[in-house]
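Undergrad: One-letter residues, chain by chain:
Protein chains: 4
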Amino acid sequence: MIIVMKMGATQTEVDEVLTRLTNGGWKTHVSRGEERTIIGVIGDERKLEPGTLTQMEGVDRVMPVLRPFKLASRDFQAEDSKITINGQVIGDNKVVVMAGPCAVESLEQVLETAMAVKAAGAHLFRGGAFKPRTSPYAFQGMGEEGLKILAEARRQTGLPIVTEVMSPEQVDLVAQYADVLQIGTRNMQNYALLNAVGQTRKPVLLKRGMMSTIEELLMSAEYIMSNGNHKVILCERGIRTFEKYTRNTLDINAVPVLKELTHLPVVVDPSHATGRWTLVKSTSKAAVAAGADGLIIEVHPNPAEAVSDGEQSLKPKRFAELMVEVRRVAEAVGRTI
Amino acid sequence: MIIVMKMGATQTEVDEVLTRLTNGGWKTHVSRGEERTIIGVIGDERKLEPGTLTQMEGVDRVMPVLRPFKLASRDFQAEDSKITINGQVIGDNKVVVMAGPCAVESLEQVLETAMAVKAAGAHLFRGGAFKPRTSPYAFQGMGEEGLKILAEARRQTGLPIVTEVMSPEQVDLVAQYADVLQIGTRNMQNYALLNAVGQTRKPVLLKRGMMSTIEELLMSAEYIMSNGNHKVILCERGIRTFEKYTRNTLDINAVPVLKELTHLPVVVDPSHATGRWTLVKSTSKAAVAAGADGLIIEVHPNPAEAVSDGEQSLKPKRFAELMVEVRRVAEAVGRTI
Amino acid sequence: MIIVMKMGATQTEVDEVLTRLTNGGWKTHVSRGEERTIIGVIGDERKLEPGTLTQMEGVDRVMPVLRPFKLASRDFQAEDSKITINGQVIGDNKVVVMAGPCAVESLEQVLETAMAVKAAGAHLFRGGAFKPRTSPYAFQGMGEEGLKILAEARRQTGLPIVTEVMSPEQVDLVAQYADVLQIGTRNMQNYALLNAVGQTRKPVLLKRGMMSTIEELLMSAEYIMSNGNHKVILCERGIRTFEKYTRNTLDINAVPVLKELTHLPVVVDPSHATGRWTLVKSTSKAAVAAGADGLIIEVHPNPAEAVSDGEQSLKPKRFAELMVEVRRVAEAVGRTI
Amino acid sequence: MIIVMKMGATQTEVDEVLTRLTNGGWKTHVSRGEERTIIGVIGDERKLEPGTLTQMEGVDRVMPVLRPFKLASRDFQAEDSKITINGQVIGDNKVVVMAGPCAVESLEQVLETAMAVKAAGAHLFRGGAFKPRTSPYAFQGMGEEGLKILAEARRQTGLPIVTEVMSPEQVDLVAQYADVLQIGTRNMQNYALLNAVGQTRKPVLLKRGMMSTIEELLMSAEYIMSNGNHKVILCERGIRTFEKYTRNTLDINAVPVLKELTHLPVVVDPSHATGRWTLVKSTSKAAVAAGADGLIIEVHPNPAEAVSDGEQSLKPKRFAELMVEVRRVAEAVGRTI
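Residue numbers (the working numbering), protein chains in the order written: chain R, 26 to 362; chain V, 26 to 362; chain H, 26 to 362; chain W, 26 to 362.
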């Protein structure tokens, strides 16, 4: 941590900061520049609240030096984490594709979609039984009945199931049926929920908050990991910006940034990141070209009848075309799919 | 809802949209412009998923016309809601000030602060017993012990207590001690939590998500209200923007916008909205000048020792000065404090 | 400037950075922490391109310590700048109000508005003769004819004129007629234009770019000042965020932040910052309460007939009401108007 | 254009809006819904200022239906524009790569870089002689001497030159030397400059403003085109968001969106869009996978000595590696390079 004193800060003010730090167990070094005095703090800055120093007289700014995440960091583990899900490995050379409808609507809809995405080459099946909806008047999901439908789809297709869990008390129930527990974008900083899934040993698909920084995403992963569950899959799903033409802005930069900062696998959700089905194929190819370890894509047998997110869902035929094109890009970057 | 067809959409494509709408029970009217055909939908558009129409051939865009919130809307209730909290009324002429530390740290700290803010004229006492923290390694709050300390502060000062609840299973516990249940910014769209507080009859202080639009804030209020609890206090606490000098950007526009759109009371949190104590006084005055019904302000007897948010906490003496200056502004806009 | 080395950076890598800095004339000091080595740079960091160091092996990050502006800084000049415009002083105790239509449309429109805003207590008259418009098909302003109309309004009312200049070759022409040269939000980083107005001795009203940070605003002021023209008035006019209900988000925090960082006067434009006339009165009061030195407000005798920005223009009667209410707030914060 | 009346708007208010529109030459149709009355406007809405209607009594909102750009629109021209630059064609099957240093620093630096990027397969050479810099104290470019150096590089390598023009009075000078006139991100809405380059017949590389919408980018293209110069190349170069880890956020969605909305070629600048050289290769591959027609990449023989943007410049050897990998991706999406 670096403490920048104000221009004209007095020696007494500098001394008080030094005393405060020394009493707290940190070592310090002082550098007097032409314009300002700067104090470096040696020791574990993660234990030091920057705000408490900002309040001291003569202090202008406090700048953290270390990144606040540890277990999720590449410094902590250099090699890529590989997470095994019912025989599918994510974080390895193969790009893993998860596909399925936004919401579970019926057994028929789920089976039809699951068969279709399997035939097209998808590796996992996704679908929501509990749905976070902006409006209390919108369809909220089929609940446990939906989970049973998902389990039936797994039985018939062999595809592992990814499904969302929305609150701590649902975790046990959802974990009975799901192979991967999904944390949605609005719950990325729902710490009670992060702790709850951290106490299971199920892989967790952690979606980035739509207005959360990359560092915050890694801190939320750290919450899960610090509970003992290291099987965290990070998901870039678009962030909120001033651009209005698309529902969100896919932060493609986040893919190589995350590969630099962390050993955890990174998948991309082009359906939510664009909000328009016509953009899903292009951005899926971009995600794989940028180094994503997987994709999660909304597919619906009849998007015009979907109870939610129809505008961003692909028909099975278009999903099959996407798989063909994405496969070529995967091969061009030295990966299989 | 307005459906804009693509240039060159065929009659068959238009007819299919019309059939779809008619079968769903909506009335339609068609307008053929020089460049495009436009279809208006008559009936409750809140029941119509826009996405399903976007998927139809020949459709360019779907534009909602109605606002999606009802119970929270001024159209639904024209007069201001007044919410009574242990004798304090919020939403009336008096500007209500809630003050206290970010986190409950000890009985001494809480009592010292509560006495000081009461002496300065605050109406409610705020403090966190359960703390949502970005880092799993940071102080997470004192839990129920903290709630007991808050109750003791109420006993000694008479100030009603505002404190945060972070998960559905905590609601009963927190409601035993608190006068107002606070939903934090990261939980604004934690729907399980919104439903849980909606089932109590305690006033709820709903903080705007740092990434949420005004409309989404009102939809989250709608969640609580649709569960039967109409005592919702909205809180503007700063939004996330590209500006880096301040922790957040106080969206002062949101104050008059909310007063237009809803009958619910609106308070402002200048501490989080700026993240720097030197900016709290100016922005508190701005909030009251803009029409806020209340303020929620962080005060700590010794911010340089605070376990969290020290950089934005006021010392009691500065809070007392703030109250004097804010009172003048309140009077200038025809209100008391 | 602080250079943070990567974990595991070698001594050779550290030495190469030190050599590079020493050769460039900077002094250095090295601090070896538990996890990382940190190098402090002593000397004028404004001459050091951070990017060049980021490229060196073993370097993780480079963090600037000093602010990049000088002439505009409070460190450089502690007391407030007062700028005199034809007898009106901005930056002093009196809150200065500039009012008038978005665009000059006719002599009648201008005179009618100028008389009305003068009667209501405005101190300067604003109006655009050259108009930056998003569309090439929209009205682009009356040009020199509009400037002559503005001059006639000054002759008849005595109000000094604020008007926009859009390109370097217009500066001489506009300066013949105007009392204050306005730089619009889209031109805040049009450096050729900043240099050109910097070479006049006319006061400049510099609008913050809708996409620009506070620091960038001050750097643009620095451009003008480094050309010798120190008469710069800063204008917060709303920034672009994800919020869609308002045209922009008024960054009210920027008012006290600028008062901390710079000695230059700060005015607020609530018309553009909200984009809706119904919000202008509330936000004008907020701006003055927060410490603004002035306001710039769009007024049109018949907004429903305005050629631009009608949705955010006040009728003269509403402007007069605004002045009454703003005056009360100004007095409550110890200022006149 | 759709006009949504307020709930409870009177018949008189509706009639006044209708009269206003009829008098202006528009046809109208009225639709009375359960909650609100809606008025559709038939005719060229681009001539109607929405703001003027917002001011009328009883009007709640005005929603444009048509897109405001014409010449740039795919509706206007369905087939892709192909722009020829000294034998290089952009907008065709071949992905065009422009590479070179941020700033021209010397003849040696330019020749060395130009030879290297040509050898690696680049098609155009880029370099700045006039440099827009945030600080007035930073290097501002070599000016005409820099242009001469660029011309010499073209003579020796045959690579056409892309270079920035910053103000209308520079256009003639820069056009003497350059093959493509670049408009920088800060000048995307410098309308005097857009008009000036629109009056030349040189191809223009128009960079998206860092906080401009896709629609605004197309409106700026429309400015150039409406002056008679249809040779506009659009450039996505990253937008400003809340994410701090990267300098900007590459809006990869913008690539397929622009290909839908316009016939103009689209290139991506991964250097500015990330601000970190380690991210340039991944995002270049993503851009081509998403359908970009070209790339513009910063290359410097010794980035650690660059006078600007060193942190995002590639060494020639890394650029050559990038070209190899990007070529594979281009082929995977059916293109050459």
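Mixed in with the good hints there might be a few duds.
To be verified - Across the chosen pairs, the derived CB separations fall in these ranges:
| id | chain 1 | residue 1 | chain 2 | residue 2 | range |
| --- | --- | --- | --- | --- | --- |
| 1 | V | ASP69 | R | LYS227 | 25 to 33 Å |
| 2 | H | THR44 | W | GLU346 | 43 to 51 Å |
| 3 | V | MET140 | H | THR44 | 42 to 50 Å |
| 4 | V | GLN224 | R | LYS269 | 32 to 40 Å |
| 5 | H | LYS31 | W | GLU330 | 55 to 63 Å |
| 6 | R | THR361 | H | LYS31 | 29 to 37 Å |
| 7 | H | ARG226 | V | GLU59 | 46 to 54 Å |
| 8 | W | GLN224 | H | THR37 | 54 to 62 Å |
| 9 | R | GLY49 | H | GLN36 | 54 to 62 Å |
| 10 | R | ASP69 | V | ASN327 | 44 to 52 Å |
| 11 | R | ASP69 | H | MET88 | 15 to 23 Å |
| 12 | R | LYS107 | V | ALA200 | 31 to 39 Å |
As the list claims (entries may be wrong) - Below 27 Å or equal to it, Euclidean Cα-Cα: the simulated BS3-like pairs (lysine-lysine) are:
| id | chain 1 | residue 1 | chain 2 | residue 2 |
| --- | --- | --- | --- | --- |
| 13 | V | LYS31 | R | LYS72 |
| 14 | V | LYS269 | H | LYS342 |
| 15 | W | LYS95 | R | LYS340 |
| 16 | W | LYS340 | R | LYS269 |
| 17 | V | LYS269 | R | LYS31 |
| 18 | R | LYS269 | V | LYS95 |
| 19 | W | LYS340 | H | LYS340 |
| 20 | V | LYS269 | H | LYS173 |
| 21 | H | LYS72 | W | LYS340 |
| 22 | R | LYS31 | V | LYS340 |
| 23 | W | LYS31 | H | LYS340 |
| 24 | W | LYS31 | H | LYS342 |
| 25 | V | LYS269 | W | LYS95 |
| 26 | H | LYS31 | W | LYS31 |
| 27 | R | LYS107 | R | LYS227 |
| 28 | H | LYS95 | W | LYS31 |
| 29 | H | LYS107 | R | LYS95 |
| 30 | R | LYS107 | H | LYS173 |
| 31 | V | LYS107 | W | LYS31 |
| 32 | V | LYS31 | W | LYS269 |
| 33 | V | LYS31 | H | LYS269 |
| 34 | H | LYS72 | W | LYS269 |
| 35 | V | LYS31 | W | LYS107 |
| 36 | H | LYS342 | R | LYS31 |
| 37 | W | LYS269 | R | LYS72 |
| 38 | W | LYS72 | R | LYS31 |
| 39 | W | LYS52 | V | LYS52 |
| 40 | R | LYS52 | H | LYS95 |
For the record, the hints were derived by calculation from the structure and aren't laboratory data.
Even glycine gets a Cβ: it sits at the ideal position worked out from N, Cα and C.
Undergrad: Would you mind marking each hint as holding or not holding in the structure?
TA: Cross-check of the supplied hints:
| no. | hint | result |
| --- | --- | --- |
| 1 | V:ASP69 <-> R:LYS227: 25 to 33 Å | 40 Å, violated |
| 2 | H:THR44 <-> W:GLU346: 43 to 51 Å | 28 Å, violated |
| 3 | V:MET140 <-> H:THR44: 42 to 50 Å | 60 Å, violated |
| 4 | V:GLN224 <-> R:LYS269: 32 to 40 Å | 36 Å, holds |
| 5 | H:LYS31 <-> W:GLU330: 55 to 63 Å | 21 Å, violated |
| 6 | R:THR361 <-> H:LYS31: 29 to 37 Å | 32 Å, holds |
| 7 | H:ARG226 <-> V:GLU59: 46 to 54 Å | 53 Å, holds |
| 8 | W:GLN224 <-> H:THR37: 54 to 62 Å | 56 Å, holds |
| 9 | R:GLY49 <-> H:GLN36: 54 to 62 Å | 30 Å, violated |
| 10 | R:ASP69 <-> V:ASN327: 44 to 52 Å | 23 Å, violated |
| 11 | R:ASP69 <-> H:MET88: 15 to 23 Å | 19 Å, holds |
| 12 | R:LYS107 <-> V:ALA200: 31 to 39 Å | 45 Å, violated |
| 13 | V:LYS31 <-> R:LYS72 | 58 Å, violated |
| 14 | V:LYS269 <-> H:LYS342 | 39 Å, violated |
| 15 | W:LYS95 <-> R:LYS340 | 32 Å, violated |
| 16 | W:LYS340 <-> R:LYS269 | 37 Å, violated |
| 17 | V:LYS269 <-> R:LYS31 | 19 Å, holds |
| 18 | R:LYS269 <-> V:LYS95 | 25 Å, holds |
| 19 | W:LYS340 <-> H:LYS340 | 60 Å, violated |
| 20 | V:LYS269 <-> H:LYS173 | 42 Å, violated |
| 21 | H:LYS72 <-> W:LYS340 | 23 Å, holds |
| 22 | R:LYS31 <-> V:LYS340 | 21 Å, holds |
| 23 | W:LYS31 <-> H:LYS340 | 21 Å, holds |
| 24 | W:LYS31 <-> H:LYS342 | 23 Å, holds |
| 25 | V:LYS269 <-> W:LYS95 | 37 Å, violated |
| 26 | H:LYS31 <-> W:LYS31 | 60 Å, violated |
| 27 | R:LYS107 <-> R:LYS227 | 14 Å, holds |
| 28 | H:LYS95 <-> W:LYS31 | 51 Å, violated |
| 29 | H:LYS107 <-> R:LYS95 | 51 Å, violated |
| 30 | R:LYS107 <-> H:LYS173 | 73 Å, violated |
| 31 | V:LYS107 <-> W:LYS31 | 25 Å, holds |
| 32 | V:LYS31 <-> W:LYS269 | 39 Å, violated |
| 33 | V:LYS31 <-> H:LYS269 | 25 Å, holds |
| 34 | H:LYS72 <-> W:LYS269 | 23 Å, holds |
| 35 | V:LYS31 <-> W:LYS107 | 25 Å, holds |
| 36 | H:LYS342 <-> R:LYS31 | 48 Å, violated |
| 37 | W:LYS269 <-> R:LYS72 | 23 Å, holds |
| 38 | W:LYS72 <-> R:LYS31 | 55 Å, violated |
| 39 | W:LYS52 <-> V:LYS52 | 22 Å, holds |
| 40 | R:LYS52 <-> H:LYS95 | 33 Å, violated |
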